[in-house]
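Chemist: In our numbering, the protein residues as written are 11 to 243.
If you are wondering where the hints come from, they were derived from the structure by calculation, not from laboratory data.
Do not take every clue at face value.
Claimed, not checked - Subject to a maximum C-alpha distance of 25 Å in a straight line, what follows is the list of computed DSS-like cross-link-like pairs (lysine-lysine):
| id | residue 1 | residue 2 |
| --- | --- | --- |
| 1 | LYS202 | LYS184 |
| 2 | LYS202 | LYS218 |
| 3 | LYS171 | LYS202 |
| 4 | LYS218 | LYS184 |
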Amino acid sequence: MTLTNPVSPTTANQSAYRVAVVDDHDAVGLAISALIENLLDLEYVGSANTVSELLENSPGPDLVVLDLRLGDSSSPVVNVARLHESGTQVLAYTSAEHPFLLRMAARAGVQGLVRKSAPIGDLVDALQSASRGEIAASADWAAAIDGDPELAAAHLSPQEKRVLERYASGMAAKSVAYDLGITEHTVEDYLKRIRSQYAVMGRRSPTKVDLYKRALEDGYLPLPSTLKAARGR
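Using the sequences provided together with the hints, build the complete structure.
Modeler: Shown next as structure tokens:
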């Protein structure tokens with residue numbers, strides 16, 4: 011199957027956040043297409059049955075809504091890595107009947123996880139969060155992290171933890187320095203050490219969004235209230 015509803019780079023709205031779907035059920039792409047029509051600043055650019063098909067035909071989406079179980083039996087980890095290499099973020103959209111697939115996706119660095127049985131509002135929130143460069147946190151994403159023994163927590167010093175908490179929550183390095191009474195250069199040194207620790211653990215964090223993910227995963231930042239409630243059930 012060729013990419014459905016392909017959009018030429020010359021005709022696309024260049025200011026919109028471009029969303030594509032990889033799912034071997036055509037109805038999913040049609041449903042997300044209809045949903046995105048009503049969302050400002052989002053543009054649907056098509057769907058494909060496999061990641062290979064998408065990469066061959068897509069004009070380059072900003073985000074791919076990815077089913078974790080595809081008909082070509084491809085690995086979610088490989089699929090996420092290929093999409094990241096193409097400069098595309100990934101939102102996992104799955105029936106979630108296999109928890110290990112959720113753990114694989116969380117470990118691979120998806121922007122978030124949404125269960126197909128969740129209310130449509132959850133998918134809307136996730137798409138809008140991703141378009142702002144934020145993590146589309148959900149109870150399933152939190153559970154996948156909690157249940158993965160391979161996501162060992164980094165052991166940061168108290169000062170490294172304070173730097174990470176502030177920087178990952180959105181503060182600029184200069185503001186972190188002022189808040190902690192240290193120099194901006196010292197803050198940058200701490201961030202390099204923090205990133206180095208995570209890299210050694212196989213949890214690379216080159217961007218601020220990545221550091222936010224790590225801070226959530228390791229409990230250095232509180233989860234949104236909805237996720238804390240879900241964990242407490």
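Chemist: Now look at each hint and say whether the structure bears it out.
Modeler: Here's how the hints hold up against the structure:
1. LYS202 <-> LYS184: Holds, at about 15 Å.
2. LYS202 <-> LYS218: holds, 12 Å
3. LYS171 <-> LYS202: holds, 13 Å
4. LYS218 <-> LYS184: Holds - the C-alpha atoms of LYS184 and LYS218 are around 14 Å apart, at most 25 Å.
Of the hints listed earlier, there is not a single one the structure fails to meet.
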